[in-house]
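Residue strings, one per chain:
Protein chains: 2
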Amino acid sequence: MTVSKTAEKFSEKPADAAKGRKDAGEPQTEALQLGELSEQLGYVLKRAQLKVFENFLRCMSSLQLTPAQFSVLLLVEKNPGRNQTEIASTLGILRPNFVAMLDNLESRDLCARIRSTNDRRSHILVLTDKGKAVLARAKKLVATKHEARLNDLLGQSNREALLTMLAKIANEF
Amino acid sequence: MTVSKTAEKFSEKPADAAKGRKDAGEPQTEALQLGELSEQLGYVLKRAQLKVFENFLRCMSSLQLTPAQFSVLLLVEKNPGRNQTEIASTLGILRPNFVAMLDNLESRDLCARIRSTNDRRSHILVLTDKGKAVLARAKKLVATKHEARLNDLLGQSNREALLTMLAKIANEF
DNA sequence: TATTGTTATACTCTATAACTATA
DNA sequence: TATAGTTATAGAGTATAACAATA
Chain A
1 MTVSKTAEKF SEKPADAAKG RKDAGEPQTE ALQLGELSEQ LGYVLKRAQL KVFENFLRCM
61 SSLQLTPAQF SVLLLVEKNP GRNQTEIAST LGILRPNFVA MLDNLESRDL CARIRSTNDR
121 RSHILVLTDK GKAVLARAKK LVATKHEARL NDLLGQSNRE ALLTMLAKIA NEF
Chain B
1 MTVSKTAEKF SEKPADAAKG RKDAGEPQTE ALQLGELSEQ LGYVLKRAQL KVFENFLRCM
61 SSLQLTPAQF SVLLLVEKNP GRNQTEIAST LGILRPNFVA MLDNLESRDL CARIRSTNDR
121 RSHILVLTDK GKAVLARAKK LVATKHEARL NDLLGQSNRE ALLTMLAKIA NEF
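As given, the protein sequences belong to chains A and B, one line each in that order. Each step along the first sequence adds one to the number in the UniProt record's numbering, with nothing skipped, and position 19 is 19. Each step along the second sequence adds one to the number in the UniProt record's numbering, with nothing skipped, and position 139 is 139.
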């Protein structure tokens with residue numbers, strides 16, 4: 001099984017270097033200094049992203065949806081009638097890599113490929129009824145478990161400010 | 001060549017779906033709606049992280065340092081005399097995966113493994129003179145090209161607020 | 001000739017088990 | 001017995017080239 005493995009993936013936690021020490025002789029077991037590293041935006045950004053994805057996977061474990069799969073379902077729901085190239089490209093997924101992803105979602109009866117009548121090369125993407133139901137449940141889980149926890153941690157206004165700045169980086173950097 | 005390839009890696013840009021369309025018949029070529037996706041912190045976080053790493057690689061192309069390699073050099077400089085397990089663990093790198101990374105840095109004469117006299121199982125890590133010089137140049141490039149551009153985009157105080165919130169997520173989420 | 005979906009393939013990252021040499 | 005470094009390996013994620021069907 002491929003998806004359940006994913007949920008176990010982010011196990012290696014940082015800053016645990018000083019744990020498994022034999023404090024027999026001289027207990028020189030001091031935590032390392034991060035120094036300038038904690039000021040590097042890229043470093044902190046990556047760490048935060050891993051934490052957020054890790055929490056997302058935990059919240060979604062009952063539905064077995066990864067962040068990437070969730071984003072595909074959201075985008076197909078919002079843009080019915082688009083083909084694989086359009087959906088994949090919008091998400092920054094390369095067309096060849098999108099095939100296996102769709103195979104997975106389609107095999108679970110969450111979405112379907114429909115040969116376009118206008119252009120018989122294209123596969124139009126739609127959510128199945130089950131796909132719509134699962135996505136609805138996923139949205140609720142994300143809102144009540146995942147995003148809610150972020151609100152608790154940062155506060156509503158800070159969370160919005162964070163989103164604004166990240167979007168600015170993603171779009172203009 | 002392994003490192004130069006890395007600099008070419010982040011080519012797939014999102015939201016370009018509507019480019020290669022044949023606007024002959026009905027130009028129904030409309031950009032897709034991101035919808036709720038643009039409110040998902042995980043999605044925006046990931047996109048921003050990719051952009052920041054991409055820019056980092058460009059700024060560092062003359063030194064051929066990846067974000068991960070830069071973080072190792074920074075941490076070894078700040079914590080001389082620590083062994084591989086401690087450095088790797090602090091960075092969230094698994095010990096087996098750290099071996100090839102160190103092989104690379106050592107083959108480029110940027111750092112060195114020294115067998116510890118206290119515990120002959122351990123390899124103490126230190127920067128070579130060349131490693132110190134390269135790191136100094138890397139810091140300057142990061143400050144003047146990379147972080148400076150983030151300051152231009154966000155403003156100094158916003159950039160600090162962003163860093164604070166991301167650190168909070170990385171440490172407490 | 002160009003584009004859509006697809007296959008094959010390769011490279012990087014990340015993860016686990018097991019070996020060796022030391023302790 | 002346990003730990004540090006290492007090897008081997010496997011799985012995701014991401015990248016490119018090329019093919020068949022269709023335009």
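To be clear, the hints were calculated from the coordinates, so they are not data collected in a lab. Idealized CB from N, CA, C, for every residue including glycine. Just so you know, not all the hints are guaranteed correct.
[What the hints assert, rightly or not] What follows is a list of derived Cβ distance ranges for each label pair:
1. 103/B / 148/A: 28 to 36 Å
2. 103/A / 85/B: 37 to 45 Å
3. 100/B / 116/A: 15 to 23 Å
4. 129/A / 36/B: 58 to 66 Å
5. 103/A / 117/B: 38 to 46 Å
6. 149/B / 140/A: 23 to 31 Å
7. 115/B / 30/A: 19 to 27 Å
[What the hints assert, rightly or not] DSBU-like mimics (lysine-lysine), calculated; alpha carbons at most 35 Å apart, straight line:
8. 145/A / 130/A
9. 51/B / 51/A
10. 130/B / 140/A
[Said to hold, decoys possible] Some chain B residues near chain A, calculated using beta-carbon distances under 7 Å:
11. 42
12. 46
13. 47
14. 51
15. 53
16. 57
17. 59
18. 90
19. 98
20. 101
21. 136
22. 138
23. 163
24. 164
(request) Could you tell me whether the CB distance from residue 115/B to residue 30/A stays inside 19 to 27 Å? (result) holds (22 Å)
(message) Hint validation: residue 136/B versus chain A, beta carbon distance must be below 7 Å. Holds or violated?
(response) Violated - the Cβ of residue 136/B stays beyond 7 Å from chain A, reaching only about 12 Å at its closest.
(message) Between the alpha carbons of residue 51/B and residue 51/A, is the straight-line distance 35 Å or under?
(response) Answer holds: residue 51/B to residue 51/A is near 18 Å, not above 35 Å.
(message) Checking hints one by one. Is residue 138/B an interface residue toward chain A, by the C-beta closer than 7 Å rule?
(response) With a minimum Cβ separation of about 11 Å from chain A (threshold 7 Å), the hint on residue 138/B is violated.
(request) So, residue 57/B near chain A? Judge it on the closest CB pair being under 7 Å. (result) violated (10 Å)
(request) For the pair supplied as a hint, residue 145/A and residue 130/A, confirm whether the alpha-carbon distance does not exceed 35 Å. (result) holds (22 Å)
(request) With a cut-off of 7 Å on the beta carbons, see whether residue 98/B makes it to chain A. (result) Hint violated; residue 98/B Cβ to chain A Cβ min 11 Å, cut 7 Å.
(request) Go ahead and decide if the range 58 to 66 Å is satisfied by the Cβ distance of residue 129/A to residue 36/B. (result) Roughly 20 Å apart at Cβ, these two residues miss the hinted range, so it is violated.
(message) Using the nearest Cβ pair, does residue 51/B come within less than 7 Å of chain A?
(response) Since the shortest Cβ distance to chain A is 5 Å, the answer is holds.
(message) Restraint: residue 90/B near chain A, CB-CB cut 7 Å. Satisfied or not?
(response) holds (5 Å)
(message) A closest beta-carbon separation below 7 Å is what the hint needs, so does residue 42/B meet it against chain A?
(response) holds (5 Å)
(message) Hint validation: residue 164/B versus chain A, beta carbon distance must be below 7 Å. Holds or violated?
(response) Violated, because the Cβ-Cβ distance from residue 164/B to chain A comes to roughly 9 Å (cut-off 7 Å).
The structure fails to meet hints 1, 3, 4, 5, 6, 10, 16, 17, 19, 20, 21, 22 and 24 from the earlier list, while all remaining hints are met.
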